[in-house]
Amino acid sequence: MSSERRYTPTHEWIQSVGDPFRMRVGITDFAQKEITDVVFVELPKIGKKVPRGAEAAIIESVKAAFSIYAPMGGEIVGINSAIESNPALVNADPYGAGWLFELKVDNASEWSSLLDENGYRAHLSSGSVGGH
Amino acid sequence: MSLELSGGEESGSMRPPMEPTLWQKSRPGARGVFPPGISPEALDGRCPEQIRRKSPLALPELSELDVVRHFTRLSHLNRGVDTHFYPLGSCTMKYNPKIMDRISEITGFRDLHPRTGPEGMQGLLEVLHTLEESLGHLLGMEAVTLAPAAGAHGELTGILIARRYFESKGDRGRTEILIPDSAHGTNPASAAMGGFTVRVLPSGSDGGVDLGHLAETLSEKTALVMMTVPSTLGIFEKDLLKMVAMVKDSGALLYMDGANFNAFIGLLRPGDLGFDIVHINTHKTLATPHGGGGPGSGPVGVKAHLAPFLPSPRIRKEGERYSLVSPETSIGPIRSFIGSTLVLLRALGYLRMLGGEGVRRVALYALLNANYLRARLSGTLPRTGSGLCAHEFVLSAKELGAEGLHASDLAKEILDAGYYAPTISFPLIVPEALMIEPTETESKETLDRFAEDFRRIVDLARSNPSRIKEAPRRTPVARPDEVAAARDPVLTDPASLHLS
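Which chain is which? The protein sequence lines are A and B, in order.
Counted the way our numbering counts, the first sequence spans residues 6 to 137.
Counted the way our numbering counts, the second sequence spans residues 10 to 509.
Any given hint might turn out to be false.
Result set (BS3-like, lysine-lysine): computed pairs, CA atoms no more than 25 Å apart in a straight line [stated by the list, open to error]:
| # | chain 1 | residue 1 | chain 2 | residue 2 |
| --- | --- | --- | --- | --- |
| 1 | B | Lys421 | A | Lys38 |
| 2 | B | Lys251 | B | Lys230 |
| 3 | A | Lys53 | B | Lys312 |
From the derived model, a few chain B residues whose C-beta atoms are all more than 10 Å from chain A [what the hints assert, rightly or not]:
| # | residue |
| --- | --- |
| 4 | His162 |
| 5 | Asn380 |
| 6 | Ser434 |
| 7 | Pro440 |
| 8 | Glu491 |
By construction, these hints were calculated from the structure, which means they are not laboratory data.
From a predicted model like this one, the values you see are computed outputs, not experimental measurements.
A virtual CB, placed ideally from N, CA and C, is assigned to each residue, including glycine.
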């Protein structure tokens, strides 16, 4: 495991924030463009346990509401409160100030099954983009 | 006026002026008509002192004529099926014959008090019982409830029935409901309200449910599988009968979201296809109002093994007499009294007017019109799915992204061409979706005119996208800032603050 960013086919990213078990999650640049202007974000409660692939947050645009799934299973240990009052951050800086929540992951080996940068790019160009 | 959106100052604009709000039109001292011999001051004295207002209520002040002109002008700015072709996919904006309004105004029904006992409303109970039987026949279901107040309320009712059914068998392990990703958003919402966990079934590349995924997801935890037939993509699942068999084998119940029943009413019966529970939306299928004109109704039909759980009260017929009963096995009342009775009266009137053959022709024309328009629009934008469609079809404007355009931009230009716009951005699984449903009540001439305009608009989008970005030019409001409105909503008319 490294500080490398990994991805899901449903357009979440996940990245360690130093501690190998503490991971930060957000949506990809592709996803924020597809969703268009984010107007509301519903973040999970700290302490909530989320299995891998379970809905962890909801993002709303003027088009629709989108479920955000946990890329790895774990416990919510941090949320980005800044995006609750300023949801535009998710569009402006999806990999930075627009992050969503942080997980204390249960099983670090889940990491290896996620898409790397090239894998995610290949997924996008394959056209089979679902999820968001 | 603070409506900067209107842009009516541009030279050569065809934009009608926006009607000011009642607050903006308020004039101090203006008021409506009081009948002779009654003064507003005299009315004050009839109200007990302790509940009388100490200060006047902050309301706009207008004459009767001001109010009449205000609402008449608004009605002229409005677009409805009475004024424009309305291909709003998924919503089935068909024309409701005006005689249905007369039927719901029959005083013997209209003036009944909700607390009237069964002996005082035998006629109404007969109407409702007859409608239950007619719907049961059309749906292939042994019992029907007319109580739910809308389609989504019907979903919740069906889900509570499924829950009670498994509880009655002592099976408490079935906690999951499976729903395709193309479903109406109400399906997962109703499942969650009913206390179930939602599992999403992803669509395959043809827009249908992926059988392999269904097999993986079905388990002894599955209580219900909710299918929309035809799907929101306007497609009859080609593997529907296989899916039905797989669900039956798993011991789960099958639910049909019958919102699109106008695509096969009189042709196919959900009960014969193997479904256990089905709801329909009377406003989409049976000529009742789409909001505004009255409450909704979402009747639910079930197979015999689920009949004991239907909501109470139930209408029972013994000889020629009707009574209301509340069986102990019922899930209980789900709405006040006995449903949206005047809406249901219209639904029965519509079925009676059309008869069996007429009802069949509703479906045939819904299918014919959609397929005619689909064929006329082929070559404009790519469609999701192939072959025949059902009562609607979905195009994707994704390729116009290269010109910087979205489906919403096309929709704005469609408004200028003199139509209500199609549904956009739904279903979510199609990027830049335009969902077109002509409905059974439109003529070939209307469809031809729309097809020509649609083709012209897509051509314009390719040749001169900046023109499309300027649309609409003929509506009082052009492009409201939806993002700012959602992020920072202003819920009070600023003009009202100056008056209070």
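What are the numbers of the hints the structure violates, in ascending order?
3, 6, 7 and 8
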